[in-house]
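Asks: Chain by chain, the residues run as shown.
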Amino acid sequence: MTHSSDFNAEKASNLKVIGTRPARPDGVDKVTGRARFGADMNLPGQLVGRILRSPHPHAIIKSIDTSAAEALDGVKAVVTRDDFAENPDNHAVLCNVMAREKALYEGHTVAAVAASTATIARKALKLINVDYEPLPHVTDVDAAMQPDAPVLHDTIFTSGVDPVPTIPSNIVARCEFGHGDVEAGFAKADIIVERELKTAATHQGYIEPHACVASVSTDGMSELWCCTQGHFDDRKICAALLGIDVSRLRVTASEIGGGFGGKTTVFIEPVALALSRKAGRPVKIVMSREEVFKASGPTASTSMRVKIGVTNDGRMTACDGEFRLQGGAFEGSPFDSAAMTAFACYDLENVKSVAFDVVVNRPKGAAYRAPGAPMSVYGVESVVDEVALKIGMDPIEFRLKNAVRDGSQSSYGPKFGPNGLVETLEAAKAHPQYKTPLGPNQGRGIASGFWFNYGGETCSNLNINADGTVTLAVGTPDIGGSRASMCMMAAEELGIPYDSVRATVVDTGALGFNEGSYGSRVTYASGLAIINAAQQAITEMCKRASMMWDIPADAVTWEDGYAKPSGANAGEFEPMSLAEIAAIAANTGGPIAGHREHNADSAGISFGTHIVDTEVDPETGRVDVLRYTVIQDAGKAIHPDYVEGQFQGGAVQGIGWALNEEYIYGDDGKLQNAGFLDYRVPVASDLPMIDTVIVEVPNPGHPYGVRGVGETGIVPPLAAVANSVSAAAGVRLSELPMSPPRVLKAMDDAKQAAE
Amino acid sequence: MSGTHVSTTINGDAVEYVCDVEETLLDVLRNRLGLTGAKEGCSTGDCGACSVTVDGRLTCSCLMLAVEAEGHEIGTIEGVANGSELHPIQQKILDHAALQCGVCTPGVVVAVKALLEKNPDPTETEVRYWLAGNLCRCTGYDKIIRAVMDAASEMRGS
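Here the protein sequences line up with chains A and B, keeping their order.
Residue numbers are given in my numbering: position 20 of the first sequence equals residue 265, and the series is strictly consecutive.
Residue numbers are given in my numbering: position 7 of the second sequence equals residue 196, and the series is strictly consecutive.
Hints were generated in silico from the structure; no laboratory data involved.
Keep in mind that this is a model prediction, so the values were computed, not measured.
Mixed in with the good hints, there may be bad ones.
Derived DEER-like restraints, expressed as beta-carbon distance ranges [what the hints assert, rightly or not]: (1) T865/A - V207/B: 47 to 53 angstroms; (2) D639/A - E315/B: 37 to 43 angstroms; (3) T198/B - E804/A: 54 to 60 angstroms; (4) E262/B - I305/A: 54 to 60 angstroms; (5) S273/B - G465/A: 39 to 45 angstroms; (6) S196/B - I305/A: 52 to 58 angstroms.
Stretches of chain B that chain A covers, calculated by requiring three or more beta carbons in the stretch to come under 8 angstroms of a beta carbon on chain A [unchecked claim]: (7) 234–243; (8) 255–261; (9) 322–330.
Backbone N, C-alpha and C fix where the C-beta goes; we use that ideal spot for every residue, glycine too.
Given the sequences, and given the hints that come with them, work out the whole structure.
Replies: Shown next, in the form of structure tokens:
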């Protein structure tokens, strides 16, 4: 049969289950404490694994003596770099998981022990003698780009520049996107604004620290149970690092206590497997919060220059940006997506966007919700706000005048198809918040943002059970209610009640490869596989009915959960329900199932526009968020509660990034705030309700019109809050976070300049 | 072993355990008693994922030594539902989709139950400040606050 992912307008306008708000199937376990997260798994005979981490931000590891630790009673295994073979294909991941010649950041794993108790493991760590030769370090992105900066890797020669440099540096790569002639564009501008801006590194801040249990048998059969956004990815990388056949490693994803991109890679998992292999017993490792901050994968800090030219009537004539991102001690900051998303909201004749990937002595970054976009969009939308103010134009009108539409040339390459940017701006203009008067020391900020949304490799099963219920096997961990959406889509296609369907996130032995739950792809990609699997099962059920009725298979249609003769000529038969067909499946050819694998390019681009009102205390610089509205194109909301939840969660993470959150490094290159007391994520008393407006401009690449929704929500808030605070404070803020001292200083400086 | 013997009450049941003096109540609940509903998010009393009640008072079990439970009444998330009947706050969290990943949810449920026993008619601001010690990174708190207000209203019978 054919599998169509094209938008089906007739189907999309007659949905029965999609768009409702049923309770999630895993809900009761989550509210009663029964759900098992990463640290809740235990195996008989398991050992406690603990990790020794570098106290230096940059040092040569001259030698590691583990003999005293190994001699301690209760220690069953110690592993170091010697237990991991060189792996050219996965060099950066391997070196991050276990330091080799050098420790490259404070917290870098240097050795690990497995012992019978936590107390013994802690004692053993103290008995490991590491001989370090400390080296000069650098943690700031701009400082790391200077010619005299300490160089982390003598193997990095900047790519993307011509000619390729002959001496190594910390600049991994340069990329450039755009079209037209920006100089010619600026020549046509009436007004040009150019600014330097900065954002601090932040952490995804998931409440559940990384945790895993590994068990390697003497015959090499290995099991790993961990909290992860992608257990098939974990299997791939762990097998590669440890030299295990993929078929011999089974990975089960636990319930996951937040990820936001930060659980898309491995940290402790290969270490636990190596310890278990050496000890011959299961090993459990759970990170402390301090370890999560120091040694998981925060996002990049950035430094950037943005220049925008406009005519007096509000048309952008040229945009030029340079974005510098540090991604920690190894290559791979989201520099390219920062450059690609920066100007994506605007239909431009002349645009140039350059970005650099830079290494510094910080933990290797991981993805964080729309990686790269919140920062570059913060820079661009701050300057957009400023030019609109300068020409006296309403910020929404300004954006509407320059917004991309269906068919617009994007700033990074492809032409855009149908999209909802204009609809989000129109909805913002019409929203009551936009018309509410503001008081003294209050300001209103607007910003728009874009994210690509990823498709990716996906594979799902749908099984029709003999009692007429349906079970789904899904390979993408459920990070925010996706099992509910999967059940809804299956119920919609099959024409049966939502409660008759249950979804399980299965282990790596049960399905083909699935990329993880990232890129806002799960509802789109796994959902599309479920829809197609349901269609395949329907074809089979129609065939079974046709066998019973002794008519051709194509003379049977499926309607509202029943197989029916397709018309009068097909014959007169009582429709057969799914349950009736399922009950006799054993006699008509055996079990009935549907299966689908695919590799989708994109989960449908999406845009959002945020409105935020803030108040600044002129005496302290403290900012209060008074009111917040998220407006975003979801294409089609499968379960509107969870779509709203994604919008709200993204906005609040963005508020934290804008106002509080920051990796603070001392001159000693050490992280000064590795805990939730000093790294302050937003708490309930910091916030108002977060209003949402779901815009639905169908994705032409999905039968119901679904677009990814998870990431776009964190793209506009940095800029929206900055624009709001700048309006409230009466001075442009150009560095995040806008902590009280920084806001106060900006206000004082502005006051002095005015006097 | 130089463990300490402790007699306590957990969710109404008499419980005895032997623990090391350095173990927290959270360690013992999770690692010795199999009560893994309380989570360790920070071990510094900042996130509230390990919330329990001690003689009815809301407490971070990561900040209390297990030996200190001697003679006290401990309430955990496992004791909030009455058999198969959910507590109103548990039901309202489901109804309002007031969770995404769910790892903070046990702590939120325990904290809200303690709040509503103390203050059956809280304002939104009171709820927000009471829950300021329970970090949720997924939801932005909006739906949690709505669920709490709704649960309070239902429990008052209005």
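Asks: Taking the hints in turn, state whether each one holds.
Replies: Okay, the hints, checked on the actual structure:
About 51 angstroms separates the C-beta atoms of T865/A and V207/B, a value consistent with the hinted range of 47 to 53 angstroms. Checked against the hint of 37 to 43 angstroms, the C-beta distance between D639/A and E315/B comes to roughly 38 angstroms, which is consistent with it. Taking 54 to 60 angstroms as the suggested C-beta distance range, the pair T198/B and E804/A conforms, at roughly 58 angstroms. Between E262/B and I305/A the CB atoms are about 56 angstroms apart, so this pair conforms to the stated range of 54 to 60 angstroms.
The hint said 39 to 45 angstroms for the Cβ distance between S273/B and G465/A, and at roughly 44 angstroms that hint holds. Checked against the given bound of 52 to 58 angstroms, the beta carbons of S196/B and I305/A, roughly 54 angstroms apart, stay inside it. Requiring three or more residues with a Cβ within less than 8 angstroms of a Cβ of chain A, the coverage given for the stretch 234–243 of chain B holds, as 3 such residues are present. Requiring three or more residues with a Cβ within less than 8 angstroms of a Cβ of chain A, the coverage given for the stretch 255–261 of chain B is violated, as only 0 such residues are present.
A count of 9 residues in the stretch 322–330 of chain B with a Cβ less than 8 angstroms from any Cβ of chain A is obtained; the coverage claim is therefore met, three being the minimum.
Hint violations for this structure: number 8 only, all remaining hints satisfied.
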